[in-house]
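On the provided structure of chain A, position chain B as indicated by the hints.
Chains as they are written, first to last, in numbering that gives the first Met the number 0: chain A, 0 to 261; chain B, 0 to 261.
It is possible that some hints are incorrect.
Which copy is meant is left open, because identical chains are indistinguishable; a pair holds if it fits in one copy or across any two.
Unchecked claim - Here are the simulated EDC-like cross-link-like pairs (lysine to aspartate or glutamate), alpha carbons at most 16 Å apart as the crow flies:
1. K157 <-> D255
2. K65 <-> E28
3. K197 <-> E57
4. K210 <-> E191
5. K145 <-> D62
6. K149 <-> D255
7. K3 <-> E28
8. K90 <-> E192
9. K65 <-> D219
10. K149 <-> E226
Everything labelled a hint here was simulated from the structure, so no lab data went into it.
2 protein chains.
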Amino acid sequence: MKEKPLILVTNDDGINAPGIRTLIDVMNEIGDVVVVAPDSPQSGMGHAITIDSTLYVERVVLDNEKQLEYSCSGTPADCVKLGIREVLDRKPDLCVSGINHGSNSSINVIYSGTMSAAIEAGIEGIPAIGFSLLNYKWSADFNASKQYVKTITENVLKNGLPNGVVLNVNIPDIPKIKGIKICRQARANWVEEFDKRKNPQGRDYFWLTGKFVNLDHGEDTDEWALEHGYVSVVPVQFDLTAHHCIQNLNTWNLNDTEINSA
Amino acid sequence: MKEKPLILVTNDDGINAPGIRTLIDVMNEIGDVVVVAPDSPQSGMGHAITIDSTLYVERVVLDNEKQLEYSCSGTPADCVKLGIREVLDRKPDLCVSGINHGSNSSINVIYSGTMSAAIEAGIEGIPAIGFSLLNYKWSADFNASKQYVKTITENVLKNGLPNGVVLNVNIPDIPKIKGIKICRQARANWVEEFDKRKNPQGRDYFWLTGKFVNLDHGEDTDEWALEHGYVSVVPVQFDLTAHHCIQNLNTWNLNDTEINSA
Numbered sequence: 000m001k002e003k004p005l006i007l008v009t010n011d012d013g014i015n016a017p018g019i020r021t022l023i024d025v026m027n028e029i030g031d032v033v034v035v036a037p038d039s040p041q042s043g044m045g046h047a048i049t050i051d052s053t054l055y056v057e058r059v060v061l062d063n064e065k066q067l068e069y070s071c072s073g074t075p076a077d078c079v080k081l082g083i084r085e086v087l088d089r090k091p092d093l094c095v096s097g098i099n100h101g102s103n104s105s106i107n108v109i110y111s112g113t114m115s116a117a118i119e120a121g122i123e124g125i126p127a128i129g130f131s132l133l134n135y136k137w138s139a140d141f142n143a144s145k146q147y148v149k150t151i152t153e154n155v156l157k158n159g160l161p162n163g164v165v166l167n168v169n170i171p172d173i174p175k176i177k178g179i180k181i182c183r184q185a186r187a188n189w190v191e192e193f194d195k196r197k198n199p200q201g202r203d204y205f206w207l208t209g210k211f212v213n214l215d216h217g218e219d220t221d222e223w224a225l226e227h228g229y230v231s232v233v234p235v236q237f238d239l240t241a242h243h244c245i246q247n248l249n250t251w252n253l254n255d256t257e258i259n260s261a
Numbered sequence: 000m001k002e003k004p005l006i007l008v009t010n011d012d013g014i015n016a017p018g019i020r021t022l023i024d025v026m027n028e029i030g031d032v033v034v035v036a037p038d039s040p041q042s043g044m045g046h047a048i049t050i051d052s053t054l055y056v057e058r059v060v061l062d063n064e065k066q067l068e069y070s071c072s073g074t075p076a077d078c079v080k081l082g083i084r085e086v087l088d089r090k091p092d093l094c095v096s097g098i099n100h101g102s103n104s105s106i107n108v109i110y111s112g113t114m115s116a117a118i119e120a121g122i123e124g125i126p127a128i129g130f131s132l133l134n135y136k137w138s139a140d141f142n143a144s145k146q147y148v149k150t151i152t153e154n155v156l157k158n159g160l161p162n163g164v165v166l167n168v169n170i171p172d173i174p175k176i177k178g179i180k181i182c183r184q185a186r187a188n189w190v191e192e193f194d195k196r197k198n199p200q201g202r203d204y205f206w207l208t209g210k211f212v213n214l215d216h217g218e219d220t221d222e223w224a225l226e227h228g229y230v231s232v233v234p235v236q237f238d239l240t241a242h243h244c245i246q247n248l249n250t251w252n253l254n255d256t257e258i259n260s261a
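Chain A on its own, in the form it takes in the complex (with noise of 0.2 Å):
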């Protein structure tokens, strides 16, 4: 490569957390690097940004300054959307979103923080990637990982994403994995379980806790290349039309139709 690639670094689970500090040590080693994260966890955010309220941005130094960093009030979407405009001179060559601490495989794409900063980056055409360990704790070893990470990334650079694509990569919590899958997303859900409890006032309150069920059992999927000890790449689209119902739905002839209500 001629000159370094900007590389824009953000996650969800805030500036200080374990999986971005890695992110960030594996793309100092393949571009410049500049971080806007969120100063606290976002997880859950799915696609949310901040319409009704301020967002504030502010430098901060961290890590012997060997990256420019600036941490935000907003949701990692947010992040991106400053990052671009408020933040760089020029619109970044790549955005990395991560390391995840925990899946964001198969459904949990629609509710990651993660993912969203990725999609939020492919919709300004910028070639994205979100990471994901599967591992929740914040004391995850993401060493395993780091090569991966490296390899995607690199790989992205010298071949480009199709326009509407980011990659969805999610990582086995192991000590030696297998290698790469190139995967579609599982169909699987929540099977949510609400914890009810009564608050000291004698009022109901509800924690949401589920369990996750994988429905899917094709040996093509995310779900299935994770259990097997591989790395799964899901290539993820933001044009959500369903175009194999259209068809469908004209038989419908909704504009003819009169129906009287029961």
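Using the frame of chain A, we list chain B on its own:
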């Protein structure tokens, strides 16, 4: 219909918004209505869920008790989860969300709390529709919308929806709507312009503002339909896999590459 369908109604503008009150009126003509909606506006929440704090849901009496209503401290996706698991005795036959005050066409689907509720219901295997009117004002006139909301809802109850698909319905804010079009999501985005200000303590802060840019002039898109006076109906899926890219990504041979960094 032999038995009246059970309909879960929610939104992201809050339980008192005129849009949801209109939606409840229309649904009362079709089935048995239960409302579980946010206690305050949640616009721009994307598919956020509440995992790090507590959730309150409580019965509220509105509208002369024409239907059961619950207000919830969480996001639209939380409302659907709580509605299904804690409020309703049986799985609803339909979930409708809206009518949103403001557009959720094209890329807005990604940021939309209204659509996140419909998608959450879809993940649970419940037919679901998000409705939005192209007028963000509280005083918007929902009258012209009503017959279209009713026709589309009745057709969904009659025909069902394919697994993994929900509908994103946007309604132009004009008195004489031309009809309904099945569409694909237009390729469009927001060009952000952050409004930078100083707070009374002299610290910089930002307001997110922006300009919507439609990059897609296809006549089969939701933006085209809306501009030309039609209600747009986009089938939306939550399998985000860009299936068309998998073959291409496999040519990268990620397990063989050894790349020398710069």
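- Message: One pair to classify: K145 and D62, alpha carbons no more than 16 Å apart. Within, between, both, or neither?
- Response: Neither, since 18 Å and 58 Å both go past 16 Å.
- Between the shortest in-copy and the shortest cross-copy C-alpha distance, which are at most 16 Å for K157 and D255: within, between, both, or neither? Between. Shortest inter-copy distance 15 Å satisfies the 16 Å Cα cut-off; intra-copy 52 Å does not.
- Item | Intra- versus inter-subunit Cα pairing at 16 Å for K65 with D219 | neither (40 Å within a copy, 49 Å between copies)
- Pop the pair K210 and E191 into one bin, within, between, both or neither, using alpha-carbon distances up to 16 Å. within (6 Å within a copy, 38 Å between copies)
- Using 16 Å as the alpha-carbon threshold, which applies to K197 and E57: within, between, both, or neither? between (39 Å within a copy, 13 Å between copies)
- Item | Intra/inter-copy verdict for K3 and E28 if alpha-carbon distance must be at most 16 Å | Answer is within: at 10 Å inside a copy they meet the 16 Å cutoff, but 63 Å across does not.
- Message: If the cut is 16 Å between Cα atoms, do K149 and D255 qualify within a copy, between copies, both or neither?
- Response: between (56 Å within a copy, 14 Å between copies)
- Using 16 Å as the alpha-carbon threshold, which applies to K149 and E226: within, between, both, or neither? neither (22 Å within a copy, 45 Å between copies)
- When no copy is named, should K65 and E28 be tagged within, between, both, or neither for a Cα gap of at most 16 Å? within (12 Å within a copy, 64 Å between copies)
- Which holds for K90 with E192 at a C-alpha limit of 16 Å: within a copy, between copies, both or neither? between (43 Å within a copy, 15 Å between copies)
Hints 5, 9 and 10 from the list above are not met by this structure, while the remaining hints are.
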